[in-house]
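Chains as they are written, first to last, in this note's numbering: chain A, 1 to 361; chain B, 1 to 408.
Derived from the structure by calculation, the hints contain no laboratory data.
Misleading hints may appear alongside valid ones.
Quick list of in silico lysine-lysine cross-link-like pairs, DSBU-like style, CA-CA up to 35 Å [to be verified]:
(1) B:LYS367 to B:LYS182
(2) B:LYS379 to A:LYS259
(3) B:LYS117 to B:LYS209
(4) B:LYS355 to B:LYS367
(5) B:LYS367 to A:LYS271
(6) A:LYS271 to B:LYS107
(7) B:LYS332 to A:LYS259
(8) A:LYS267 to B:LYS252
(9) B:LYS367 to A:LYS259
(10) B:LYS332 to A:LYS267
(11) B:LYS107 to A:LYS259
(12) B:LYS117 to B:LYS182
(13) A:LYS271 to B:LYS117
(14) A:LYS271 to B:LYS351
(15) A:LYS259 to B:LYS252
(16) A:LYS271 to B:LYS109
(17) A:LYS267 to B:LYS182
(18) A:LYS271 to B:LYS355
(19) B:LYS355 to B:LYS20
(20) B:LYS351 to A:LYS267
(21) B:LYS379 to A:LYS267
(22) A:LYS271 to B:LYS20
Here the structure is a predicted model, which is why all the values come from computation and not from measurement.
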Amino acid sequence: MIGFDPTEEQALIVETVSQFAQNEIRPVARECDESGKLPDSVLAQAHELGLVANALPESVGGGGERSAVLGALVTEELAWGDLAIALGILSPALVALPVAEFGTDAQRERLAHYAGESFVPGALALQEPRFGSDPFRPGCSAERDGNGFVLNGSKCQVPWMDGDDTVLVFATLDGRGEGFLVSRAADGLSAERERNLGIQALPTATLSLDGVRVDADARLGGDAGCDLSRIVTQGRVALAAAGLGVSRAAFEVARDYAKEREVFGVKVAQKQAIAFKLADMAIEIDAARLLAWEAAARLDAGQDALREATLAYDQVRRVALEVADGAVQVFGGHGYIRDYLPEMHLRNARGFASFEALALV
Amino acid sequence: MTISFEPTEASKAAREHYRKVAEEQMRPVSRKYDDEEHTLPKEWVDWFWQEGRHGGPRPTDGPGDGFIQVCIQAEELCWGDAGLYLRMPTPALGGSAVSAAGTAEQKKKFLSPFREKGGHPIWGAMAITEPQAGSDSAAIETTAELDGDEWVLNGTKIFCTAGEGASTVEGGFVVVWATVDKSAGRGGIKSFVVPAGTPGMELVGTEHKLGIRASDTATLRLENCRVPQDHLLGSSAVKKKDPSKTGDKGFKGAMATFDASRPIVAAMAVGVGRAALDFLLEELERQGVRVRYDAPPAEVTALERDVMEMEAELQAARLLTWRAAWMMNHGKPNNLEASMCKAKAGLAVTKITQKAVELLGPLGYSKKLMVEKWMRDAKINDIYEGTQQINQLIVARRILDYPSAMLR
């Protein structure tokens with residue numbers, strides 16, 4: 001039966017996360033963007049909500065309730081608070097979820113680490129710093145070398161927060177994209193902090209892998225490997241949801257401003273040029289959200305969802321940029337000023353053009 | 001409750017059933033009645049009356065997709081042919097008005113003939129628009145005056161869908177909107193059931209249109225047209241001294257029927273859009289062109305990008321439509337969501353069908369194939385049942401929490 005209501009349990013979680021975003025994330029978002037730092041205390045508090053741990057297996061101390069639909073709902077709320085902080089909060093999932101799904105028994109042992117008492121950030125390296133970076137066919141290479149592999153190439157947009165010693169690097173092995181759990185201190189691996197147009201609070205790095213040697217047991221899933229297409233699909237659902245959070249935040253701030261700002265003796269929102277723009281924003285956000293939910297529901301049903309996730313994410317990429325740009329426009333000159341939020345939403349929204357697997361459900 | 005996009009078995013059965021109807025009964029005569037604009041599509045109308053209206057799957061008891069199933073039916077049949085869909089002998093929008101605002105007796109009297117076996121095909125219609133009043137439906141000038149125990153109607157109605165059948169074939173009816181008191185503005189607007197063939201209701205003619213040519217879009221003239229007092233929808237007891245204060249739901253009640261009809265129009269739009277998109281994808285397959293969802297960004301072709309956007313837009317429109325219908329199933333007010341889905345679907349399929357003509361080149365432009373027709377048919381969805389702009393206006397008022405006086 002077709003339905004558009006979250007379950008009661010999901011609604012309760014969404015409400016909790018929404019409150020958290022409102023009360024804890026939003027007050028520090030601008031300051032974090034300016035300073036280029038994530039708020040440690042907010043990350044720690046968010047960890048206590050158990051959002052990532054809830055999706056991990058019970059055997060490692062998780063909640064055993066992984067759901068792409070719930071993941072999408074939660075991701076939207078967090079990103080509505082702030083995109084960079086949301087990506088930081090959810091970063092443990094970047095390693096934990098692929099390991100939980102594809103990892104060998106030995107690899108899964110490390111999951112307890114992400115479900116433990118303190119926040120442990122995750123790092124996933126998929127994108128590459130070149131034109132046409134292809135998430136399905138990494139340019140980074142893995143070559144067999146005795147009992148292990150040697151990795152060569154470069155990566156970018158890798159969340160690079162202190163607190164963990166592992167990065168999940170995707171490289172092409174025998175023509176297939178495979179994941180490798182690499183120590184951040186490995187010889188031949190160097191990281192350079194990036195500066196980005198948006199998500200400035202999230203530390204990200206460009207990685208150089210120059211003959212990085214890893215043991216055989218570093219390959220995600222061992223000899224069976226992993227399904228990179230499914231990971232990209234999960235990433236597209238998560239990022240679609242994150243883009244919707246940004247879009248909704250931008251829409252709301254524009255709507256509220258338009259109801260306050262006077263022009264020619266009426267509120268700006270009473271002008272059809274603005275009112276219709278806001279109406280279109282609302283329609284497009286709702287429409288794209290349903291696409292994202294549909295892709296998520298397919299994932300939860302164990303179906304292939306690459307097509308649906310790709311269509312949803314592409315739609316969100318268009319919508320988020322359109323809405324955030326529209327918010328700047330509704331604010332007029334003030335939209336360009338950093339005292340107001342629209343310019344930050346615009347910088348964040350443009351990021352979805354390049355983000356892949358920067359969050360997972 | 002849960003978020004789910006899996007239709008019930010009943011919905012799936014309905015989809016299969018109506019797809020077959022579309023393929024077997026509508027598509028074969030689709031071009032013919034586009035070319036022969038004002039000819040009655042007799043094979044279709046007779047088949048529908050004798051078999052079609054009795055044969056479809058009914059929603060099952062217990063939890064189901066309810067109104068979503070109606071949307072699925074509309075989508076499938078308009079995938080077949082939107083003009084023929086509008087020419088089906090049913091109560092149509094006139095029936096929606098009677099259902100939404102009529103008394104139990106009125107529903108029985110006017111709607112039951114459509115369920116009786118045998119007889120001949122009949123139609124229902126709704127007449128709102130006038131030459132000088134389209135989107136601004138409160139500005140209508142058709143009058144209704146109580147004279148003894150009869151209402152006397154005077155005025156001209158245009159763009160009345162199914163108006164030829166509904167006004168001339170005995171057994172059918174037209175729901176006419178008229179004002180009982182011009183000074184009362186919206187409060188004075190009421191709707192009246194005028195049975196086909198009532199003296200004083202004259203079919204002036206039918207329009208020549210861009211698309212949906214199988215649909216009889218009529219101009220009706222009402223000249224001292226008399227109907228019994230109890231043909232005022234929703235009211236059996238009219239206060240004679242102040243007829244603007246009748247017990248019926250009046251203008252608001254009539255407007256509320258749009259919340260139910262807009263999701264259906266949106267679903268119809270999706271059907272037309274899907275016809276064009278399905279054909280495009282089939283043609284691409286014939287040419288060995290496959291749309292890749294995992295293509296490297298640098299290698300995605302312009303064609304793939306266009307097709308993926310068309311697919312996303314169509315599905316977005318469909319899901320907004322189902323959401324608005326789902327809200328009706330659950331008794332939730334859906335004024336906002338009904339306008340959202342109508343606005344989205346009308347514009348999306350207008351663009352999708354225009355893009356399909358473009359991408360298919362000469363195949364798209366040729367009348368040997370149907371894509372050019374679907375482009376013409378699609379456009380009406382962005383106009384009738386509230387234009388794109390009227391629906392934007394409704395959405396804007398809702399999201400801004402403005403009464404209509406604040407945003408005009």
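Now for the hints, and whether the structure bears them out:
no.	hint	in the structure
1	B:LYS367 to B:LYS182	violated, 48 Å
2	B:LYS379 to A:LYS259	holds, 33 Å
3	B:LYS117 to B:LYS209	holds, 34 Å
4	B:LYS355 to B:LYS367	holds, 16 Å
5	B:LYS367 to A:LYS271	violated, 43 Å
6	A:LYS271 to B:LYS107	violated, 42 Å
7	B:LYS332 to A:LYS259	holds, 27 Å
8	A:LYS267 to B:LYS252	holds, 27 Å
9	B:LYS367 to A:LYS259	violated, 50 Å
10	B:LYS332 to A:LYS267	holds, 30 Å
11	B:LYS107 to A:LYS259	violated, 44 Å
12	B:LYS117 to B:LYS182	violated, 42 Å
13	A:LYS271 to B:LYS117	violated, 54 Å
14	A:LYS271 to B:LYS351	holds, 26 Å
15	A:LYS259 to B:LYS252	holds, 27 Å
16	A:LYS271 to B:LYS109	violated, 46 Å
17	A:LYS267 to B:LYS182	holds, 31 Å
18	A:LYS271 to B:LYS355	holds, 31 Å
19	B:LYS355 to B:LYS20	holds, 27 Å
20	B:LYS351 to A:LYS267	holds, 33 Å
21	B:LYS379 to A:LYS267	holds, 34 Å
22	A:LYS271 to B:LYS20	violated, 48 Å
This entry does not satisfy hints 1, 5, 6, 9, 11, 12, 13, 16 and 22, going by the numbered hints stated previously.
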